[in-house]
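Peer 1: As a plain string of letters, each chain reads:
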Amino acid sequence: MVSETSVRIAAAQLVGNRSRYTTLSGFWMLVWFIVRRNWLRMLVWLVVLAGMIPLVIDSQRELFPTQAAREAYAQVANTPAVAAMTGLPYAAATLGGILNIKLWMTEAVALAFAVIFLVTRNGRAEEENGRTEFLRSTKLGRHAYSLANWAVFGAFSTVVGLACAALAISQGLPPDGSLLMGASFAAVALVFIGVVAIVGQLCQTSRAANGLASIVVAIAYLIRATADVKAKNDQPLWIAWLSPIGWGQQARSFAENLWWPILLCLGVAILLCIIALRLESHRDLGAGMLPARKGRKSFGAFGRTQLGLTLRLQRGPIIGWAIGILVFAAFFGGVATAMVDLLGGNTPVVGVFAGHSGNLLDGLLSYFVMTTAMIVAAFALQVASAIGTEESTGRIEIQLSGAISRIRWAANRLIVPAVISLILLALGGFVLGATFGSVTGIHGQDPKFAAYSTSFWPSVLLVIAVTMFLIAFIPRFASALTWAFYGVVVLLSLLGNLFKLPSWLVENTPFTTVSKLNANLNVAPLVVLSIIAIVLLTCGLLRFKMRDTKSA
Amino acid sequence: MATQLAIDVRKLEKNFGTVKALNGLDLQVETGTICGFLGPNGSGKTTTIRILLGLLRSSGGSAKLLGGDPWNDAVELHRKIAYVAGDVTLWPNLTGGQAIDIICELRGDRDKKRIDEFLQIFDLDPSKKARSYSKGNRQKVGLVATFASRAELFILDEPTSGLDPLMEAVFTDCVSQLSDEGRTVLLSSHIFAEVEKLCDTVTIIRDGRTVESGALSKLRHLQRSTITVSLEGNAKKLAEVKGIQDLQTENGRTSFSVDPDSLSDALAALAPLGPRELVSTPPSLEELFLRHYSTHGQSELKAGEQHG
Ligand SMILES: Nc1ncnc2c1ncn2[C@@H]1O[C@H](COP(=O)(O)OP(=O)(O)O)[C@@H](O)[C@H]1O
Ligand SMILES: [Mg+2]
Numbered sequence: 001m002v003s004e005t006s007v008r009i010a011a012a013q014l015v016g017n018r019s020r021y022t023t024l025s026g027f028w029m030l031v032w033f034i035v036r037r038n039w040l041r042m043l044v045w046l047v048v049l050a051g052m053i054p055l056v057i058d059s060q061r062e063l064f065p066t067q068a069a070r071e072a073y074a075q076v077a078n079t080p081a082v083a084a085m086t087g088l089p090y091a092a093a094t095l096g097g098i099l100n101i102k103l104w105m106t107e108a109v110a111l112a113f114a115v116i117f118l119v120t121r122n123g124r125a126e127e128e129n130g131r132t133e134f135l136r137s138t139k140l141g142r143h144a145y146s147l148a149n150w151a152v153f154g155a156f157s158t159v160v161g162l163a164c165a166a167l168a169i170s171q172g173l174p175p176d177g178s179l180l181m182g183a184s185f186a187a188v189a190l191v192f193i194g195v196v197a198i199v200g201q202l203c204q205t206s207r208a209a210n211g212l213a214s215i216v217v218a219i220a221y222l223i224r225a226t227a228d229v230k231a232k233n234d235q236p237l238w239i240a241w242l243s244p245i246g247w248g249q250q251a252r253s254f255a256e257n258l259w260w261p262i263l264l265c266l267g268v269a270i271l272l273c274i275i276a277l278r279l280e281s282h283r284d285l286g287a288g289m290l291p292a293r294k295g296r297k298s299f300g301a302f303g304r305t306q307l308g309l310t311l312r313l314q315r316g317p318i319i320g321w322a323i324g325i326l327v328f329a330a331f332f333g334g335v336a337t338a339m340v341d342l343l344g345g346n347t348p349v350v351g352v353f354a355g356h357s358g359n360l361l362d363g364l365l366s367y368f369v370m371t372t373a374m375i376v377a378a379f380a381l382q383v384a385s386a387i388g389t390e391e392s393t394g395r396i397e398i399q400l401s402g403a404i405s406r407i408r409w410a411a412n413r414l415i416v417p418a419v420i421s422l423i424l425l426a427l428g429g430f431v432l433g434a435t436f437g438s439v440t441g442i443h444g445q446d447p448k449f450a451a452y453s454t455s456f457w458p459s460v461l462l463v464i465a466v467t468m469f470l471i472a473f474i475p476r477f478a479s480a481l482t483w484a485f486y487g488v489v490v491l492l493s494l495l496g497n498l499f500k501l502p503s504w505l506v507e508n509t510p511f512t513t514v515s516k517l518n519a520n521l522n523v524a525p526l527v528v529l530s531i532i533a534i535v536l537l538t539c540g541l542l543r544f545k546m547r548d549t550k551s552a
Numbered sequence: 553m554a555t556q557l558a559i560d561v562r563k564l565e566k567n568f569g570t571v572k573a574l575n576g577l578d579l580q581v582e583t584g585t586i587c588g589f590l591g592p593n594g595s596g597k598t599t600t601i602r603i604l605l606g607l608l609r610s611s612g613g614s615a616k617l618l619g620g621d622p623w624n625d626a627v628e629l630h631r632k633i634a635y636v637a638g639d640v641t642l643w644p645n646l647t648g649g650q651a652i653d654i655i656c657e658l659r660g661d662r663d664k665k666r667i668d669e670f671l672q673i674f675d676l677d678p679s680k681k682a683r684s685y686s687k688g689n690r691q692k693v694g695l696v697a698t699f700a701s702r703a704e705l706f707i708l709d710e711p712t713s714g715l716d717p718l719m720e721a722v723f724t725d726c727v728s729q730l731s732d733e734g735r736t737v738l739l740s741s742h743i744f745a746e747v748e749k750l751c752d753t754v755t756i757i758r759d760g761r762t763v764e765s766g767a768l769s770k771l772r773h774l775q776r777s778t779i780t781v782s783l784e785g786n787a788k789k790l791a792e793v794k795g796i797q798d799l800q801t802e803n804g805r806t807s808f809s810v811d812p813d814s815l816s817d818a819l820a821a822l823a824p825l826g827p828r829e830l831v832s833t834p835p836s837l838e839e840l841f842l843r844h845y846s847t848h849g850q851s852e853l854k855a856g857e858q859h860g
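Protein chains in written order, with our numbering: chain A, 1 to 552; chain B, 553 to 860.
Treat the hints with care, as some may be off.
Residues from chain B shown here face chain A by an in silico Cβ test under 10 Å; the list is partial [unchecked claim]:
id	residue
1	D639
2	N645
3	G660
Keep in mind the hints are simulated off the structure, nothing from the lab.
Predicted, not measured: the structure shown is a model, and the values here were computed from it.
Using N, Cα and C, we set each Cβ at its ideal position, and we do this for glycine too.
Make a model of the complete structure from these sequences and hints.
Peer 2: Encoded structure:
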């Protein structure tokens with residue numbers, strides 16, 4: 001309602017604006033308009049992304065208090081796992097270098113996803129639901145909205161970069177390195193604004209736009225991972241130059257402090273935006289460059305059932321996530337073998353993976369399976385969220401005005417993510433085990449990995465239950481809250497140790513509570529997770545049955 | 553009265569937080585009739601319909617639908633109800649034909665032949681993805697899915713918004729057809745001509761309250777007709793006739809309004825004045841509307857018009 005009103009106001013101001021019509025008419029007003037509608041979202045991202053910097057610097061200073069400790073760490077910092085996941089370490093004997101090892105990749109990738117989602121949300125999604133049409137029917141210039149959208153989030157990236165730099169400097173890190181580090185976050189994000197600008201012209205739905213842009217991030221990540229793993233000394237393989245994330249890394253803040261990769265990013269970002277503008281000139285409002293195909297006139301018998309409908313509506317996400325999950329599982333399996341070869345002794349870094357099990361290999365493989373399970377949970381969350389989307393778009397009305405109870409309607413939309421996530425867990429575990437086995441020669445363990453991976457099913461079910469619960473009780477903010485819950489759980493599970501949080505917390509998230517690979521399977525946590533999931537789900541469904549539908 | 557009520561809403565209330573959307577709304581629709589449900593934007597038509605569909609829970613008063621409770625008996629009732637919203641939202645990546653299939657299947661009376669028939673009548677291409685449909689075409693999807701139904705009760709919430717005049721005419725035909733088949737229709741609208749043409753009874757609401765309801769013919773009697781006439785004699789004499797108001801003479805044409813009870817007196821007074829080219833305009837629903845929504849005074853008819 002609020003956003004609807006603010007669109008009206010914006011349109012009214014545009015109509016009143018007498019200035020000469022150009023393709024940019026209304027730019028500044030739209031900048032203000034987008035900022036007003038997104039300031040809270042941007043603030044949250046800013047606080048989270050910048051806030052991690054002092055936290056990590058502080059914890060690393062404590063972990064490596066003396067130069068001698070840092071020198072010792074630098075000797076062992078460069079492992080294939082670190083290189084693959086967080087980037088090739090350099091200048092690891094300095095606090096800045098250590099900060100980069102621990103946090104650079106997280107910051108850069110998170111900020112890239114932030115701008116992708118934000119730009120799509122304000123661009124393609126607005127166009128998809130017709131609000132842009134309303135705005136453009138006024139005196140708005142053809143490119144004004146898109147440019148304002150990119151400019152706002154370009155500025156947002158810059159502010160995040162500056163905030164990270166300022167906080168690093170305030171923690172006593174060298175100013176030149178800190179500034180460059182911040183700039184490298186912003187620069188990577190700017191390139192992805194360019195990417196999502198183009199993707200937003202190609203795809204017709206926001207979902208497709210987010211998906212395609214995320215695939216570009218994933219490819220960029222995998223390219224640089226390969227380059228960093230195949231590095232010679234502290235120089236990555238040349239293919240790092242094919243990845244925007246690689247460019248950001250090559251600024252090498254706190255080491256050589258190179259500024260020209262930043263300029264490269266800027267140049268590419270501008271180029272991509274110019275291409276996007278050209279595309280925008282050549283398409284109709286609401287259309288994508290990739291043509292919409294003609295569809296089928298009717299559904300078959302299965303398609304008309306609720307289960308068939310849900311599967312059909314979620315077909316894209318299911319296929320997309322399945323491919324992503326299998327690729328990552330295979331990648332994890334491959335990385336693990338590299339570590340077996342190269343890691344003999346105990347090093348501080350691998351302590352994180354080994355945990356209390358003491359067995360590095362099992363700990364690491366467990367960590368990878370857990371990460372895969374988290375991706376499966378994100379998939380399940382997205383698919384289950386469709387209940388909220390059906391409601392907020394008003395599509396729920398036409399469905400519930402049919403002869404179907406609310407509980408049956410919701411249940412059909414929950415069964416799909418629940419069952420498919422079980423399949424994906426098993427497949428992911430199997431693929432991880434298979435790639436691991438094929439490189440190490442330890443064959444025939446794939447079923448064991450598949451079985452271990454499915455022990456994360458209660459964790460995924462819990463995420464689905466939380467999704468339903470929040471949709472039922474707090475429909476307006478359900479989507480944001482569910483993703484926030486998921487984000488916190490993932491951060492705690494993956495990086496909790498880094499932030500020196502209490503171990504009872506870090507070791508008892510819905511994911512870390514599951515037993516490690518090859519350890520005695522502890523059934524109790526699985527039972528507890530399942531019970532919590534069932535309780536939340538039951539409460540959610542009952543509430544959903546009792547409350548008003550919220551739409552329009 | 554022995555006639556059965558398909559919809560029986562009494563003193564219905566609905567609060568959204570502090571907003572009182574419905575505030576003692578009454579609505580009765582007899583089985584087999586078409587009832588026009590009129591009211592300005594935000595007066596509570598959609599809210600009433602959502603309560604009838606069991607999408608919202610009422611905050612007070614009673615609502616009965618085909619003898620059942622709209623909230624508790626929703627699933628059973630919905631087999632006998634076809635509904636179309638004023639703003640049909642569809643799945644962008646399904647085709648119109650697929651959406652129609654889903655809607656009909658959910659209601660439980662999918663009939664391929666009827667669907668095809670109405671696809672033709674409304675001239676809708678079912679193989680296009682919903683995202684490429686215009687507002688009017690989305691509306692047609694809802695209408696095809698609704699008219700293809702054999703439901704007892706049709707609930708249509710401002711169903712023609714976005715349709716071009718040709719399609720509005722088609723729509724009118726389809727509703728008349730329903731009426732001939734003895735089905736009950738609740739037609740919420742602010743297109744007066746549509747309601748005038750189609751409806752047996754009308755309920756007019758404002759601010760969540762019923763201000764007028766009854767047979768369309770009765771309501772019309774209650775309204776002042778406007779008479780325009782060319783006179784040979786002096787029109788001034790008409791001013792003395794009781795019940796004549798708004799007397800005006802312009803370019804030799806005289807016009808005035810008259811309430812139904814005084815019509816015979818007015819005609820008697822006209823006869824000696826040598827009237828030519830007399831035109832009587834019955835009150836349109838538009839005028840009814842204006843009367844209720846432009847003045848602050850509550851309708852004096854309200855008390856007398858309520859059932860029970
Ligand atoms: N979900 C809601 N929350 C708050 N207010 C609402 C909600 N739905 C409707 N209203 C308010 O209730 C009143 C009646 O709305 P509605 O039934 O949609 O009117 P109509 O369909 O006659 O245009 C309006 O003032 C509207 O703002
Ligand atoms: Mg309405």
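Peer 1: State for each hint whether it applies.
Peer 2: Here is how each hint holds up against the structure:
1. D639: holds, 7 Å
2. N645: Holds, because the Cβ-Cβ distance from N645 (chain B) to chain A comes to roughly 7 Å (cut-off 10 Å).
3. G660: Result: holds, 5 Å to nearest chain A Cβ.
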